[in-house]
Amino acid sequence: MNSFKSITSLTSGLSQSIFKRGFFVRGKNTMEIKDPNAAITYPIKHLFCFDRKVKGKAGAKLVRYNDFVPATITGGGLPLKNISIEWGRVNGLISSKKFYKDRKFLLNIDDKEKIVGRLAHAQIHPLTERAMFIKFNRTDEDPETFKSEELPHLKRERLRLEKLAGDRVARRAKADLQKIDLSFKPVVKKADLSKERLE
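Just so you know, we're using the working numbering here: the sequence shown kicks off at 9 and counts up by one.
The hints are simulated quantities; they were obtained by calculation from the structure and are not laboratory data. It cannot be assumed that every hint is accurate.
What the hints assert, rightly or not - Listed below are the simulated DMTMM-like cross-link pairs for lysine to aspartate or glutamate, each with C-alpha atoms no more than 25 Å apart in a straight line:
hint	residue 1	residue 2
1	Lys89	Asp75
2	Lys163	Asp118
3	Lys109	Glu137
4	Lys155	Asp59
5	Lys122	Asp148
6	Lys155	Glu165
7	Lys106	Asp119
8	Lys143	Asp110
9	Lys171	Glu152
10	Lys106	Glu165
11	Lys122	Glu152
12	Lys143	Asp189
13	Lys122	Glu157
14	Lys122	Glu170
15	Lys155	Asp110
16	Lys182	Glu121
17	Lys163	Glu149
18	Lys112	Asp59
19	Lys120	Glu149
20	Lys143	Glu121
21	Lys120	Glu137
22	Lys89	Glu121
23	Lys112	Glu152
24	Lys53	Asp118
25	Lys109	Glu157
26	Lys61	Asp75
27	Lys112	Glu94
28	Lys109	Glu94
29	Lys53	Asp110
30	Lys155	Asp189
31	Lys143	Glu170
32	Lys53	Asp150
33	Lys120	Asp75
34	Lys53	Glu165
35	Lys182	Glu170
36	Lys112	Glu149
37	Lys112	Glu158
My request is simple: use the sequences and hints to build the entire structure.
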């Protein structure tokens, strides 16, 4: 049996259908309800890493055998850097739902080098949901002062709205330019030209 039962009532000679649950009212604009207490930014999580010497497929298997996750850091015009991250730290982020694409993490490599990396790709095992490989991209943020950032989906939405506003302004300027009447030509008399030459 359908749980959505409509009540039809006559108001001013018109029939209106209203759902009991109040999800939708025909004839009225629906508005998205936003939680004012929802998080806007997220704190940068620290990931302690180790410089990975072994490379290749065999080296990655050896790293996983020792309960570490092989990872790489690319971008920034610098050569690729191979690192390994303790599996427990990554598993904690995955279980707490704080391991998302495009989020930035502070990568502390052997307490010697700190890099702010953006999560570009993560390969997860389909059955055990264990991280098999992680790829980070370098960013321009200073690791000493970078503490929090706007959530990626909110940033994408803000950039999308700014692009729409810019396109709207450009279309309006183009339309106003097309409304200019270029057919008007000022009347210049030969007598006025002769006077200007004499002067």
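Hint check results:
Straight-line distance between C-alpha atoms of lysine 89 and aspartate 75 comes to about 20 Å, which keeps the hinted pair within the 25 Å bound. As the CA atoms of lysine 163 and aspartate 118 are separated by approximately 32 Å, the hinted pair breaks the 25 Å bound. For the given pair, lysine 109 sits about 16 Å from glutamate 137 by alpha-carbon distance, which is consistent with the 25 Å threshold. With a CA separation close to 24 Å, the supplied pair lysine 155 and aspartate 59 stays within the 25 Å bound.
Between lysine 122 and aspartate 148, the direct Cα distance comes to roughly 12 Å. Compliance with the 25 Å bound is thereby established for this hinted pair. Taking the CA atoms of lysine 155 and glutamate 165, the gap is near 22 Å; set against the 25 Å cutoff, the hint holds. Between lysine 106 and aspartate 119 the alpha-carbon distance is near 23 Å, which keeps this suggested pair within the 25 Å criterion. For the hint pairing lysine 143 with aspartate 110, the CA-to-CA distance comes to about 11 Å; that is within 25 Å, so the pair holds.
For the hint linking lysine 171 to glutamate 152, the alpha-carbon distance of about 32 Å lies beyond 25 Å, and the restraint is violated. Of the pairs offered as hints, the one joining lysine 106 and glutamate 165 holds, with about 20 Å between alpha carbons and a cut-off of 25 Å not exceeded. Proposed proximity of lysine 122 and glutamate 152 is supported: the alpha carbons are some 8 Å apart, at most 25 Å. Proposed proximity of lysine 143 and aspartate 189 is contradicted: the alpha carbons are some 58 Å apart, above 25 Å.
The suggested pairing of lysine 122 with glutamate 157 holds, with an alpha-carbon distance near 17 Å, which does not exceed 25 Å. For a cut-off of 25 Å, the pair hint linking lysine 122 to glutamate 170 is broken: about 33 Å separates their Cα positions. Proposed proximity of lysine 155 and aspartate 110 is supported: the alpha carbons are some 16 Å apart, at most 25 Å. With a C-alpha separation of about 51 Å, the suggested pair lysine 182 and glutamate 121 falls outside the 25 Å cut-off, and the hint is violated.
A C-alpha spacing of about 16 Å is found between lysine 163 and glutamate 149, which places the hinted pair at or below 25 Å, so the restraint holds. Restraint check: the Cα-Cα separation between lysine 112 and aspartate 59 comes to about 19 Å, which is no more than 25 Å; the hinted pair holds. Taking the CA atoms of lysine 120 and glutamate 149, the gap is near 17 Å; set against the 25 Å cutoff, the hint holds. Between the alpha carbons of lysine 143 and glutamate 121 the distance comes to roughly 17 Å, so the proposed pair stays at or under 25 Å and holds.
Between lysine 120 and glutamate 137 the alpha-carbon distance is near 31 Å, which puts this suggested pair outside the 25 Å criterion. For the proposed pair lysine 89 and glutamate 121, the alpha carbon gap of about 12 Å is at most 25 Å, so the pair holds. In summary, the hint linking lysine 112 to glutamate 152 is supported, as the alpha carbons are separated by about 14 Å, within the 25 Å threshold. Under the criterion of a C-alpha separation no larger than 25 Å, the hint pairing lysine 53 with aspartate 118 is consistent with the structure, at around 16 Å.
Annotation: proposed proximity of lysine 109 to glutamate 157 holds, straight-line Cα distance about 14 Å (limit 25 Å). With a CA separation close to 16 Å, the supplied pair lysine 61 and aspartate 75 stays within the 25 Å bound. With a C-alpha separation of about 18 Å, the suggested pair lysine 112 and glutamate 94 falls inside the 25 Å cut-off, and the hint holds. Between lysine 109 and glutamate 94 the CA atoms are separated by roughly 19 Å; this keeps the pair inside 25 Å, and the hint holds.
Between lysine 53 and aspartate 110 the CA atoms are separated by roughly 13 Å; this keeps the pair inside 25 Å, and the hint holds. Restraint check for lysine 155 and aspartate 189: not satisfied, since their Cα atoms lie roughly 55 Å apart, outside the 25 Å limit. A distance of roughly 30 Å separates the Cα atoms of lysine 143 and glutamate 170; the hinted pair therefore is violated under the 25 Å criterion. A hinted pair counts as satisfied when its Cα atoms are at most 25 Å apart, and lysine 53 with aspartate 150 qualifies at roughly 14 Å.
Of the supplied pair hints, the one linking lysine 120 and aspartate 75 holds, its CA atoms being roughly 22 Å apart against a limit of 25 Å. Pair hint lysine 53 plus glutamate 165 holds up; C-alpha atoms about 23 Å apart against a cutoff of 25 Å. In summary, the hint linking lysine 182 to glutamate 170 is supported, as the alpha carbons are separated by about 18 Å, within the 25 Å threshold. Between lysine 112 and glutamate 149 the alpha-carbon distance is near 10 Å, which keeps this suggested pair within the 25 Å criterion.
Proximity of lysine 112 to glutamate 158 is assessed by CA-CA distance (about 10 Å); at most 25 Å being required, the pair is judged to hold.
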